[in-house]
Amino acid sequence: MATVIVVTSGKGGVGKTTTSASFATGLALRGFRTAVIDFDVGLRNLDLIMGCERRVVYDFINVINNEANLNQALIRDKRVENLYILPASQTRDKEALTKDGVEKILNELKQSFEYIVCDSPAGIERGALMALYYADEALVVTNPEVSSVRDSDRILGILASRSRRAEQGDAPVKEHLVLARYAPERANRGDMLTMQDVLEILGIPLLGVIPESQAVLQSSNAGVPVILEEGSDAGAAYGDLVDRFLGKDLPHRFIESQKKGFLKRLFGGS
Amino acid sequence: MLLRSPHVASGDALPFELKGSLFTLTVLHLFNLDRKAIERHLAEKIKQAPSFFNSTPVVIDLDGLADPKEGGDLKGLCDLLRGHGMIPVGIRNGGPKLQAVARLAGIPVLPENRAAGKKPEPPGPGTPRTRIVNHPVRSGQEIYAPDGDLVVLGAVSAGADVVADGNIHVYGALRGRALAGVKGDVEAWIFCQSLEAQLVSIAGRYRLSDQLDASERNKAVQIHLKEERLIIERLAR
Numbered sequence: 001m002a003t004v005i006v007v008t009s010g011k012g013g014v015g016k017t018t019t020s021a022s023f024a025t026g027l028a029l030r031g032f033r034t035a036v037i038d039f040d041v042g043l044r045n046l047d048l049i050m051g052c053e054r055r056v057v058y059d060f061i062n063v064i065n066n067e068a069n070l071n072q073a074l075i076r077d078k079r080v081e082n083l084y085i086l087p088a089s090q091t092r093d094k095e096a097l098t099k100d101g102v103e104k105i106l107n108e109l110k111q112s113f114e115y116i117v118c119d120s121p122a123g124i125e126r127g128a129l130m131a132l133y134y135a136d137e138a139l140v141v142t143n144p145e146v147s148s149v150r151d152s153d154r155i156l157g158i159l160a161s162r163s164r165r166a167e168q169g170d171a172p173v174k175e176h177l178v179l180a181r182y183a184p185e186r187a188n189r190g191d192m193l194t195m196q197d198v199l200e201i202l203g204i205p206l207l208g209v210i211p212e213s214q215a216v217l218q219s220s221n222a223g224v225p226v227i228l229e230e231g232s233d234a235g236a237a238y239g240d241l242v243d244r245f246l247g248k249d250l251p252h253r254f255i256e257s258q259k260k261g262f263l264k265r266l267f268g269g270s
Numbered sequence: 271m272l273l274r275s276p277h278v279a280s281g282d283a284l285p286f287e288l289k290g291s292l293f294t295l296t297v298l299h300l301f302n303l304d305r306k307a308i309e310r311h312l313a314e315k316i317k318q319a320p321s322f323f324n325s326t327p328v329v330i331d332l333d334g335l336a337d338p339k340e341g342g343d344l345k346g347l348c349d350l351l352r353g354h355g356m357i358p359v360g361i362r363n364g365g366p367k368l369q370a371v372a373r374l375a376g377i378p379v380l381p382e383n384r385a386a387g388k389k390p391e392p393p394g395p396g397t398p399r400t401r402i403v404n405h406p407v408r409s410g411q412e413i414y415a416p417d418g419d420l421v422v423l424g425a426v427s428a429g430a431d432v433v434a435d436g437n438i439h440v441y442g443a444l445r446g447r448a449l450a451g452v453k454g455d456v457e458a459w460i461f462c463q464s465l466e467a468q469l470v471s472i473a474g475r476y477r478l479s480d481q482l483d484a485s486e487r488n489k490a491v492q493i494h495l496k497e498e499r500l501i502i503e504r505l506a507r
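Respectively, the protein sequence lines represent chains A and B. Residue 200 in the numbering used here sits at position 200 of the first sequence; the count goes up by one each step and never skips. Residue 304 in the numbering used here sits at position 34 of the second sequence; the count goes up by one each step and never skips.
If we strip away everything but chain B, and leave its shape as in the complex, we get:
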């Protein structure tokens, strides 16, 4: 929300407002502070695409430096970039010494990139995964598929709970309780071969066994939410 001054009524028009915003900036990842080498390679790059570097704001990332604890002539580096048409807006990473040098030279130190230096996350617990249960779910058992779908290749007995953050498929009779989209996913569905459930729920909207229509009971059905209401439909054979 915007923060507006309460003096609007006095007729004094608000001269500004402060808001956070995100920008895409070019980042110059520096591997060493050899000014001559930087200048040579920079000139080459600019020759390839002169307009791209014209008044381009850049952030200098010092994370790749071989020895980030060393100090260096950051002011000279900034002058060099300006000389080639770029506008350095700050530095990122680098050791405390380099950051001190930057502050003394009046160069802003931007907060570290959280992803910097980290390898891409391996597909693991965080990614949606389907949990497949290849045995019947017996009374008293509770099976939960976090972050993904749950597929049961058998019956779910009365007194058993099958729970998923995503969809639930039961390739057998559903006699226990099935709760799909338990973290609030209103797009979740439930499918089963024979609806005999004690309770079915999607994103917290539920129906009890005695609220099931006779035309749905013991039938293969699909269940989903439509405008906050549970819809139970026969599966076409």
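Bound-form chain A, shown alone:
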């Protein structure tokens, strides 16, 4: 049975698409047939991050409107086997997403894929609601700052009340926290929330901490999911995250500051 995973956050610019790209790539690298769908209709980005923007012919909305079939719209990743991308339409808006249309496509994808990753747009409007509605599990991406944490809290409330699982009274959507752009030394200085602060406020299990990293920007611009950047800290963190998702028990990395961590934590504020 295929698993539908939404990558969501409420707030924009926190790393949803980066996470979707690396997470889907990581699942495919480990041998699972994986499709990643861009729900950000009108503000298509996933194709750029995945480096397949020049191969988009048909898109998600074309398939919903029966203007193309799913196989025509799915783009096979050139680097990683088992990985397919369903791009968003750039010329339409979120109103083109319908519950029935999304369900039809997900059901069709479930026939041939093991994991379906839904890259949610920011906000709590139609696009975001459609991306999370059919989810079995959710990666909630948060940055260590108060507005991002509050928006994630809001999205968690929506997952618990407005997803199909909630509406039908099934087992709740399984929630995972992804703390992105984390800089331990700045958190210890009090410039940003600490990991403990975020965990305390949101109260859901931590799947991974992605360090603030130059590699993310560089790989995004190069159209390569950062998980493929061997030797980069963010790439390694995403690798751990995927392994943890698949059930491996790995300690969290990149949560201590590199220099004078211990003393700083003892004396450097809270």
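It should be emphasised that the hints constitute simulated quantities derived from the structure, not laboratory data. Quick caveat: nothing in here was measured; it's all calculated off a predicted structure. Built from N, CA and C at the ideal position, the CB exists for glycine as well. Just to be clear, a hint being listed does not mean it is correct.
[To be verified] The calculated label-pair distances, taken between Cβ atoms and stated as ranges, are:
no.	chain 1	residue 1	chain 2	residue 2	range
1	B	Glu-503	A	Ala-171	35 to 43 Å
2	B	Asp-480	A	Glu-95	37 to 45 Å
3	B	Ser-485	A	Lys-110	51 to 59 Å
4	A	Gly-190	B	Asp-480	13 to 21 Å
5	A	Glu-81	B	Leu-478	53 to 61 Å
6	A	Lys-104	B	Gly-474	49 to 57 Å
7	A	Thr-91	B	Tyr-476	46 to 54 Å
[Claimed, not checked] The list that follows gives simulated cross-link-like pairs (lysine to any residue, SDA-like), each with its CA atoms no further than 25 Å apart:
no.	chain 1	residue 1	chain 2	residue 2
8	A	Lys-11	B	Glu-412
9	B	Lys-489	A	Gly-203
10	B	Lys-489	A	Gln-196
11	B	Lys-489	A	Glu-145
12	B	Lys-489	A	Thr-194
13	A	Lys-174	B	Gly-424
14	B	Lys-489	A	Gly-190
15	B	Lys-489	A	Leu-199
16	A	Lys-174	B	Gly-429
17	A	Lys-174	B	Tyr-441
18	A	Lys-11	B	Ile-413
Using the hints, position chain B against chain A.
Positioned in the frame of chain A, the structure of chain B alone reads:
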């Protein structure tokens, strides 16, 4: 309020005043109009407690009649009751025909009892109930416990509202807004494991986050009203 005549100044003392009042009266629930049977059973009852029926005013309730549309000899019935020491003061219920008979006989027709014929209300929405929420209340969510208490088994996030007509208990951090006694119950209380609220209110008296004392913040507290003022106290550990 009493309505007094304005002529008091003229020296003419007011001879009466009119006021409504409630009385407890014995009600005779009649199941049929068989005069002989009524007389027989009445005599038996009176034998058991003679003083109880001496000059007792009674209302005759006709709701239990098998065929309330039928007419009947109400005047004869009243005479029968008087003969046994009771004073019939009127009838209640019964069909239009019986009520017409009563009016013709000069017997007052009392308004129907609202509860008559109705089964006792099942304990339902009207009775105070405690609403228990076994998940965290997230930002943007609003939980309301009408008529009763609200118990949250988890944290209430900033940007969430928990509202109750009664008390509010939060077994976690209270970071959002908590409004207890929203229908004006000044006896309502709020309890929480860690006070980090944006606002707490009881019966409309509120305190904002920046009005909280540092000694109360992040502490387990109980909040109640005393002489219109919100009192926040640390919970003893």
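Verification of the supplied hints:
| no. | hint | result |
| --- | --- | --- |
| 1 | B/Glu-503 / A/Ala-171: 35 to 43 Å | holds (41 Å) |
| 2 | B/Asp-480 / A/Glu-95: 37 to 45 Å | holds (42 Å) |
| 3 | B/Ser-485 / A/Lys-110: 51 to 59 Å | holds (56 Å) |
| 4 | A/Gly-190 / B/Asp-480: 13 to 21 Å | holds (20 Å) |
| 5 | A/Glu-81 / B/Leu-478: 53 to 61 Å | holds (58 Å) |
| 6 | A/Lys-104 / B/Gly-474: 49 to 57 Å | holds (51 Å) |
| 7 | A/Thr-91 / B/Tyr-476: 46 to 54 Å | holds (50 Å) |
| 8 | A/Lys-11 / B/Glu-412 | holds (21 Å) |
| 9 | B/Lys-489 / A/Gly-203 | holds (19 Å) |
| 10 | B/Lys-489 / A/Gln-196 | holds (18 Å) |
| 11 | B/Lys-489 / A/Glu-145 | holds (24 Å) |
| 12 | B/Lys-489 / A/Thr-194 | holds (21 Å) |
| 13 | A/Lys-174 / B/Gly-424 | holds (18 Å) |
| 14 | B/Lys-489 / A/Gly-190 | holds (22 Å) |
| 15 | B/Lys-489 / A/Leu-199 | holds (19 Å) |
| 16 | A/Lys-174 / B/Gly-429 | holds (23 Å) |
| 17 | A/Lys-174 / B/Tyr-441 | holds (23 Å) |
| 18 | A/Lys-11 / B/Ile-413 | holds (24 Å) |
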